[in-house]
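Peer 1: The primary structure of each chain is shown beneath.
Protein chains: 2
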Amino acid sequence: MNDKHAIVKVRRLVEPVQQTSMEFSKPHPLDSLTPSEFLRVRAIVNQFYPTFNHKLSFQYVGLEEPDKHVVKSWLSEPSSQPPPRQAFVILTLDLQTHELIVDLSRRSVVSDKLYRGFGYPTLTAQDQEAVVDLALKHGPFLESIRRRGLDISEVACFSQTIGWYGKVKTNRQLKVRCNYLNGTVNKYLRPIGGITIVADIEQMKISEYVDKAMIPLPKAEGTDYRASTITPPFGPRFNAAPPKPPGQTGFKLDGNVVSWGNWKFHLAFDARVGPVISLASIYDAEKKSYRQVMYRSYISELFVPYQDPTEGWYRTTIFNSGEYGLGNFAVPLEPLNDCPSGAVFVDVKPVQVQDAMCIFERHTGDVMWRHSDVERKIRETRPDISIVVRMVSTVANYDYILDWEFKPTGSIKFLIGLTGVLEVKAVPYTNTDQIKEEVYGTLVAGNTIGVSHDHFLTYHLDLDIDGDANSFVKTRLITKRVKDKNIPRKSYWNVEHEIAKTESDAKIQIGLNPPELLVVNPNKETKLGNNVGYRLVPGSAAMPLLTIDDFPQIRAAFTNNNVWVTPYNKSEKWAGGRFVDRSRGDDTLAVWTEKNRRIENKDIVMWYTVGFHHVTCQEDFPVMPTLSVGFELKPTNFFEYSPVLKTVPPQHLSWANCTK
Amino acid sequence: MNDKHAIVKVRRLVEPVQQTSMEFSKPHPLDSLTPSEFLRVRAIVNQFYPTFNHKLSFQYVGLEEPDKHVVKSWLSEPSSQPPPRQAFVILTLDLQTHELIVDLSRRSVVSDKLYRGFGYPTLTAQDQEAVVDLALKHGPFLESIRRRGLDISEVACFSQTIGWYGKVKTNRQLKVRCNYLNGTVNKYLRPIGGITIVADIEQMKISEYVDKAMIPLPKAEGTDYRASTITPPFGPRFNAAPPKPPGQTGFKLDGNVVSWGNWKFHLAFDARVGPVISLASIYDAEKKSYRQVMYRSYISELFVPYQDPTEGWYRTTIFNSGEYGLGNFAVPLEPLNDCPSGAVFVDVKPVQVQDAMCIFERHTGDVMWRHSDVERKIRETRPDISIVVRMVSTVANYDYILDWEFKPTGSIKFLIGLTGVLEVKAVPYTNTDQIKEEVYGTLVAGNTIGVSHDHFLTYHLDLDIDGDANSFVKTRLITKRVKDKNIPRKSYWNVEHEIAKTESDAKIQIGLNPPELLVVNPNKETKLGNNVGYRLVPGSAAMPLLTIDDFPQIRAAFTNNNVWVTPYNKSEKWAGGRFVDRSRGDDTLAVWTEKNRRIENKDIVMWYTVGFHHVTCQEDFPVMPTLSVGFELKPTNFFEYSPVLKTVPPQHLSWANCTK
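One line per chain: the protein sequences are A and B, in this order. Heads up: the first sequence begins at 1 in my numbering, then just goes up one per residue. Heads up: the second sequence begins at 1 in my numbering, then just goes up one per residue.
In case anyone wonders, no lab produced these hints; they're calculated from the structure. Hints are not guaranteed to be accurate.
Identical copies carry no separate label here, and so any pair may be met within one copy or between two of them.
To be verified - Derived PhoX-like pairs: lysine-lysine, alpha-carbon spacing no greater than 20 Å straight-line: (1) Lys483 with Lys436; (2) Lys527 with Lys219; (3) Lys483 with Lys167; (4) Lys436 with Lys527; (5) Lys646 with Lys264; (6) Lys72 with Lys524; (7) Lys219 with Lys646.
Model the full structure from these sequences, guided by the hints.
Peer 2: Here it is in structure tokens:
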């Protein structure tokens with residue numbers, strides 16, 4: 001295994017894929033920790049806190065990112081000594097939480113802080129397995145299963161965080177939710193209703209057990225989703241996408257730096273946030289140089305509040321990144337189905353997942369630009385193409401398909417696909433006629449409510465447009481009255497630019513006719529005098545519907561606006577705070593921005609939340625067709641003219657030389 | 001030429017395409033008029049109004065659509081006699097406007113109505129050429145050109161409608177806007193500024209001529225967009241999309257009925273609105289039958305108001321469908337670049353355009369659905385696929401890429417791509433520093449303002465969900481307080497369904513947290529008791545910014561809401577009215593709905609407007625990278641369970657047997 005990079009293995013597909021050699025490339029300061037670095041971190045920490053007299057658990061280990069100026073200074077002279085490799089480690093040590101910085105070259109713990117706040121770190125797989133184990137051995141639960149006439153060996157449980165609901169004293173607890181299998185492999189569609197189980201992970205015991213009601217178990221029938229077991233009537237058959245010619249990936253990998261078309265960016269992986277795209281820059285053919293666009297971007301938090309306020313459900317308000325880790329739940333991707341032909345697959349550490357990310361060239365069948373002049377017999381059309389980095393995080397039932405897409409036009413698209421299995425609740429009903437009470441969702445199958453919920457994905461977008469010092473500009477479209485008496489028209493709109501001076505000026509809710517939102521470099525102009533910039537093209541902008549004073553919403557106050565802008569601060573990485581499990585909302589983006597810092601002509605970070613409400617429907621059963629949402633960052637007076645004007649039309653291939 | 005269908009010719013690509021035989025298929029009542037039918041219509045009308053004593057011009061000729069119940073009754077027994085073929089004809093006859101219905105089998109004019117309103121019909125190419133001709137021969141204009149030191153043979157003019165601005169007496173007039181070539185083939189980027197020309201098409205003379213100012217002519221340099229002439233620095237080179245295997249289109253064409261996967265729909269073409277998709281129905285494997293979804297859909301109007309209120313510009317508020325005709329401006333599509341490999345191209349009449357539409361199977365690289373269960377070693381992933389019908393309407397400078405996309409999940413996506421050339425204004429400025437006045441747009445090149453404008457596309461969506469009688473439901477997400485004292489959580493949201501009783505209840509502006517909007521069949525339920533329905537998933541929902549009392553906005557009052565619902569009425573086809581040129585807004589969707597008719601459990605039509613504001617930028621020069629917007633209709637409790645659960649995974653192809 002190549003030790004230089006955390007992203008290590010380029011795998012072969014059904015079709016042969018160009019094997020990218022990474023042996024000779026240099027390590028990059030933003031590379032994720034390598035397998036051997038992880039081992040070294042463990043060794044250093046274990047020496048620092050010997051396990052013979054400590055109960056120690058590694059809750060999070062990731063790269064301690066060097067300061068931005070250090071990275072940029074190294075980049076300006078990549079032959080120089082790279083900054084020292086450091087790891088950021090979160091430990092549970094004798095039931096207390098520590099934050100450590102471990103220096104790998106010095107082989108030492110250079111900082112050790114005891115965390116005294118209310119939250120708890122991201123769960124480990126062991127934490128989750130342990131509480132499930134507790135439940136499966138809990139006498140009263142076994143009794144409940146027996147009373148229902150069920151077989152304990154067919155029970156599948158999973159743990160769920162419980163949030164915070166105003167109690168002054170809290171400890172580290174998790175709920176356990178159990179489903180029945182017995183005739184299905186779908187672990188989420190036969191909930192064993194009426195039971196509430198809460199486990200204390202510190203004392204390792206069941207702390208709350210309620211068996212309130214015997215609710216009919218939803219049927220196994222119709223819940224299996226495997227092609228190997230489906231029975232008629234079959235759905236339609238479809239053609240496969242045409243394969244790329246052997247060896248054609250379209251991009252280059254130098255270490256973890258991807259080069260494709262006019263783009264270049266660094267790809268890393270983090271257990272908490274999943275993919276991290278850094279140093280995205282685009283080649284400007286006129287200026288004969290790469291120009292900076294995005295220093296670092298990742299999904300900072302993913303908040304999923306369920307909308308059932310009853311005993312067994314009200315606590316289900318999940319923070320997927322902070323509590324579970326999107327990277328922790330990365331799953332292996334399937335060549336040709338999860339990622340198209342020509343994709344290169346990469347493995348990740350420390351989560352041992354093969355093919356956890358893929359990089360591929362995408363041909364959508366769309367048009368990049370065109371114009372016809374029929375009279376002059378001119379027709380120029382360039383087909384659309386892009387490069388995509390994809391990871392899928394299957395946080396138990398839900399599959400989140402997370403895409404970063406770079407386009408030759410200079411646009412970056414952030415796409416989220418939601419699929420997988422709904423979280424459902426067992427009810428006595430088999431027809432809506434029988435329902436006389438609030439059920440907090442839709443009857444999606446017999447005895448099965450698909451519970452209403454939201455998804456809010458908050459992106460950390462550290463844009464550095466042509467340099468660090470940027471400003472955030474709101475371009476308002478203002479209706480004006482025509483003043484010239486000779487003009488019979490009454491109105492028009494024109495734009496007014498407002499530069500956000502402080503964080504308060506940059507809190508935006510996107511409603512009807514929102515302003516255009518730009519990050520510009522106030523120190524750089526095009527030849528025509530426009531400030532170079534990138535514009536946020538928002539996607540689905542659903543706002544939270546919980547009351548602002550409700551506990552989950554206090555913890556998720558970072559979703560109260562669609563957009564926030566903060567001055568760059570290396571420690572402000574996670575919008576929900578560092579310790580999100582059972583947090584009280586005292587360390588969120590909403591709190592940081594209360595300082596109302598200056599953000600004009602500074603190194604700034606934009607935070608954007610894509611939100612959507614999910615009223616479930618029968619089509620979501622038993623596996624949801626992918627619901628896609630996203631947004632875009634679009635160059636706006638960044639280039640002197642269209643960066644794709646001079647794109648050479650592609651040479652089309654032919655199957656002429658193939659035999660079927 | 002095959003006489004049975006207006007869409008007649010399946011053309012060959014670079015790669016061989018399956019030749020679809022249409023000879024033996026039966027004509028369909030919704031087929032566009034065939035070439036011979038057009039000839040017959042002309043002959044019948046010419047006999048009715050002999051040209052020796054009439055000045056006659058055919059402004060519009062299209063199918064007079066049979067009543068819906070007649071079509072449906074024929075469909076239930078397709079071997080029966082089809083309804084009589086009739087044409088709807090709009091004539092300018094001796095300077096008056098007539099609406100005729102011509103019966104083709106009876107070879108007679110069955111109805112002839114003199115139109116006495118204020119509007120004028122859709123322009124013909126001859127109308128537009130004639131006024132350009134007038135301008136190019138107008139002495140004062142030739143003098144202006146001479147005074148500017150320009151060569152009249154390098155001047156390219158186009159006509160533009162002038163709207164209505166409150167005058168009581170109006171006649172049929174058009175503006176003429178002229179650009180310079182001399183060193184470029186781009187007809188829109190060297191405006192000859194300062195000149196206003198208005199021509200009277202009835203009297204065939206220039207009615208208004210103003211040469212106000214000598215404004216510097218923007219340079220030719222940088223405006224050419226042809227691959228054959230581009231000079232270094234070149235943009236990046238990209239791979240072509242992999243080709244489909246020879247002959248693989250993926251769908252069947254029976255006459256103009258397209259069958260693909262679980263979908264079936266009828267495709268027609270209209271000079272005014274472009275593509276018309278009718279009778280879209282989806283196969284329900286459980287019910288073993290096709291189920292109705294959409295009776296008829298097309299772009300009813302496309303309103304583009306420019307936001308420059310000065311003398312030469314204030315009148316530029318274009319209604320592309322009603323004034324020009326989206327179909328009239330269809331352009332031939334380029335195989336492999338405009339439409340991907342495997343596309344079938346179709347020619348249209350009466351606008352003689354080869355390859356005006358294409359139909360293709362689309363593989364986006366996205367995932368249709370997936371779920372991983374790592375522990376159980378289950379991974380099921382189905383790649384996304386769809387079928388797309390595409391037409392491009394190049395209305396002078398702008399290219400509108402109009403897509404209808406059908407997905408196996410039951411979703412229909414309506415996508416609009418905006419590309420082509422901006423409409424620009426010449427100004428004395430070469431840098432923003434020099435600008436001290438309002439310029440109504442962005443300096444996108446030297447001496448060139450890309451004028452701010454909007455696009456509002458209003459779709460006519462006649463949904464028939466499982467039958468004619470449908471209702472429109474607003475599903476509001478309402479924040480509620482938790483009442484149970486034992487629950488510490490304070491809030492949640494739940495849904496409240498409101499059925500729109502009348503047209504007033506169905507006027508919707510989509511802002512923050514809009515209701516979910518559904519069309520349901522109140523008479524059909526799933527087995528679980530949910531009403532079968534389809535949901536509108538809105539796209540970009542920009543609202544008009546002109547004041548409601550302004551003349552262009554009165555004419556475009558149909559854009560005042562994003563959504564409207566009306567009872568089906570065959571005559572309510574065009575949201576801006578039948579005669580849009582110089583119209584006064586007395587025949588729009590906004591006026592029709594003032595009747596506030598009942599819409600509950602009726603045959604209803606939904607109208608949806610996709611709007612967007614375009615603040616131009618330098619990247620839009622000289623050709624705009626495609627800006628895509630769209631919306632979706634999504635099955636919601638229409639199926640008993642996911643219609644793609646039982647989709648058989650595709651058989652992947654390999655290039656193994658190819659030589660490069």
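Peer 1: When no copy is named, should Lys483 and Lys436 be tagged within, between, both, or neither for a Cα gap of at most 20 Å?
Peer 2: Between copies, since 17 Å is at most 20 Å while 60 Å is not.
Peer 1: How would you classify Lys483 and Lys167 at a CA-CA limit of 20 Å: within, between, both, or neither?
Peer 2: between (61 Å within a copy, 19 Å between copies)
Peer 1: Within, between, both or neither: how does the pair Lys72, Lys524 come out at a Cα-Cα threshold of 20 Å?
Peer 2: within (19 Å within a copy, 63 Å between copies)
Peer 1: Are the CA atoms of Lys219 and Lys646 at most 20 Å apart within a copy, between copies, both, or neither?
Peer 2: between (59 Å within a copy, 18 Å between copies)
Peer 1: Should Lys527 paired with Lys219 be assigned to within, between, both, or neither, using CA atoms and 20 Å as the limit?
Peer 2: between (68 Å within a copy, 15 Å between copies)
Peer 1: 20 Å Cα cut-off: does Lys436 pair with Lys527 within a copy, between copies, both or neither?
Peer 2: between (68 Å within a copy, 18 Å between copies)
Peer 1: State whether the alpha carbon distance between Lys646 and Lys264 is at most 20 Å within one copy, between copies, both, or neither.
Peer 2: Within one copy, since 19 Å is at most 20 Å while 40 Å is not.
When the structure is compared with the earlier hints, no violation turns up for any of them.
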